[in-house]
Amino acid sequence: MNRLILFLLLFLTVDASAQVFRQGQQMAQDESALAVQYYQDGDYEKAVVLLEKLFSSPNNEAYFDLYFSALLKLKRYEVAEKVAKKAIRQNPTSDLYPIALGKLYQEKGDVQGANKVFTDIINKLPKDEFKIRMLANNFYRFENYDFAVQTFKQGRKLLNNDQLFVFELLNIYRFKKDKPMLMQEYLDAIGTMPQLLAQAQSVLPLVFDEKSDYENFQVGILKKIQKEPDAEIYVQLLTWNYIQQREFDMALRQLIAYDKRTKSDGTMLFNTVYTFVDNNAYETAIKAYEYLLTKGKENQYYLPSKIELLNTKYNLQLSGKYNVADLELLAKDYEVLMEENGKNKGTLFAIKRLANLQAYYLNQPSKAETALEAALQFPGLTLQDIGQIKLDLGDVYILTNQPWEAFLVYEQVSKQFEGQPIGNEARFRSAKLSFYQGNFEYSNGQCLVLKSATSQLIANDALNLSLLISDNIQTPADSNALKMYADAEMLTFRNLPAQAIKKLDSINVAYPQNSLSDAIMMSKSKIFIKANEFQKAADILKKITEDFKDGIWTDDALFTLADLYEKKLNDIVQAKLYFQKLITDYPGSMFSAEARKRFRTLRGDGV
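Counted the way mature numbering (1 follows the signal peptide of the UniProt record, and there is no 0) counts, the sequence shown spans residues -18 to -1, 1 to 589.
Don't read these hints as lab results, they were simulated from the structure. All C-beta atoms in this analysis are idealised placements derived from N, C-alpha and C, irrespective of residue type, glycine included. Do not rely on the hints blindly, as some may be mistaken.
Derived DEER-like restraints, expressed as beta-carbon distance ranges [said to hold, decoys possible]:
1. P162 to A15: 41 to 47 Å
2. V491 to D260: 39 to 45 Å
3. F112 to Q282: 45 to 51 Å
4. D102 to A44: 23 to 29 Å
5. K68 to K579: 48 to 54 Å
6. A15 to K67: 28 to 34 Å
7. T457 to N421: 16 to 22 Å
8. G362 to K242: 21 to 27 Å
9. N462 to N552: 28 to 34 Å
10. E214 to P385: 54 to 60 Å
11. N142 to L559: 48 to 54 Å
12. E528 to A459: 25 to 31 Å
13. E214 to Q419: 56 to 62 Å
14. S14 to T174: 42 to 48 Å
Using the sequences and the hints, build the whole thing.
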């Protein structure tokens, strides 16, 4: 019995001690959190009282930075100096506390004294990569970035390796926006670390503010090329630098010169031409492909270049205002390609491009219909190939006044590819056809089915069309206005933009009280974008975002507007503004995820 009582007393004593320990721990945690909160709020007087108490406890190193910083904020330099010197005595091997003392001298205006402390520390560096990094990190902690740089450079000398600490130095230069040193570090490192090319291409545009930055960088690259004329990485960097300045012909000139100098097979040039195309520099891309063709038919890029030359000419002719005579010449080029290589699966792309020209630009839809019907019989086609040809054929049937045939083809594809993207696309085209014909109820029904489509774009388009119909068939006048709008959309589909705009403008005249204003404006903006009249489109889209904040097209307008500013109008500030507005005001939009991604890229996050 006595043993049991003794055991219970011992247990209770230990338990009480544990409770006291836990309570002490909890109090310290509470005080620590409160001290941090005071510091973050700028209430340094209250913060320093708690931090002094916490710092005086055992294992206090974790509180040194905040306590010391709070003392400096309050200009209690004598106390801060005593704290730093005591810490130096207690931790003679640590670099942290001498750096803190140097920081104190800086705060007091004793720059010479501070620099002496920092220089002495750096001069005592051992040949130890870990300790070099630790010292640089300690400088970084106290915002002494220049001395962090000096530490890394001294480390390179000590270890006799100029390739060390590249990423650390790049980060510091970027943080400081030290453009000359950032450029030089990339130029020095990229020759032996070509994997840095992609990073440089992402980071530098975020730091460069004006054309002169690219010009200065260009001088540095050319110096490297003079020393290493056959180094492909510097030619790639120079090409990119020209492209950033939209000097596409200069970029091509460098690529061709390098290709000739190294007697290359054209690989780098062929792989770069896509960048010209992506930037709509079609004329430069055409020159590049024409140069590649001069290498002869035995070159591996001959046929791909010939194909891409035609595709680039196609993109050039169809961008903005086109010339029918030029399109007729392009059509003949496609016909020559098919004569040389036959009409088969391998030339299907040419058949489809030629059919598109014939149907929408050369007023020859019957020829397009015949070509696409024949293409369906090619051996070796995949089911996806056949489905896509049928979709194109359905569109052409509309142009040849065979809406029933178009409807049947769309239905075939819709059923064969039920629930798949191509099947949903077919169903949506069927809904659009019914909309053009004024069969609004059926069109709306098809759209309601598509609202749950896996393709977000189809689902969004279907939802918008459904809402458009539902909102504008309440009265006979509404329905008549909607029918005029559908006629205008049909004219746009037939590639008759001037007639479409005229029809859109007439809706408000015929039905002044209609509720289609934002839809009309959205349609006109799309027509202007296709015609490369980007500023006109931007002005209209801006009005939609301002006047129809709760409209069904507002989030579409915001995203399109941001995209225009980023890719066509070269105004990154405005692009970020509209991406951010979309993210903030319309978080449920299907465009919000992409807008957030694009916004972060433009802001430079994670690069």
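S14 and T174, beta-carbon distance inside 42 to 48 Å?
holds (46 Å)
Hint says 28 to 34 Å; check whether the CB-CB distance for A15 and K67 agrees.
The hinted range 28 to 34 Å holds for A15 and K67, with Cβ atoms some 29 Å apart.
For the pair N462 and N552, does the Cβ-Cβ distance stay inside 28 to 34 Å?
Given about 43 Å between the Cβ atoms, the range is violated.
Assessment of proposed distance window 41 to 47 Å (beta carbons of P162, A15):
holds (43 Å)
For the pair F112 and Q282, does the Cβ-Cβ distance stay inside 45 to 51 Å?
holds (49 Å)
That 21 to 27 Å hint for G362 and K242 (C-beta), does it hold up?
Violated, at about 40 Å.
Can you tell me whether the CB distance of E528 to A459 sits inside 25 to 31 Å?
With a Cβ separation near 27 Å, E528 and A459 satisfy 25 to 31 Å, so the hint holds.
Holds or violated: 54 to 60 Å for the Cβ distance of E214 and P385?
holds (56 Å)
Tell me if the beta carbons of N142 and L559 are separated by a distance inside 48 to 54 Å.
holds (50 Å)
In this structure, is the beta-carbon distance linking E214 and Q419 contained in 56 to 62 Å?
Given range 56 to 62 Å: holds, Cβ gap about 58 Å.
Falls inside 39 to 45 Å, the C-beta gap from V491 to D260?
holds (42 Å)
Outcome of range test on Cβ distance (T457, N421; 16 to 22 Å):
Given a distance of about 18 Å, which is inside 16 to 22 Å, the answer is holds.
The structure shown violates the earlier hints numbered 8, 9.
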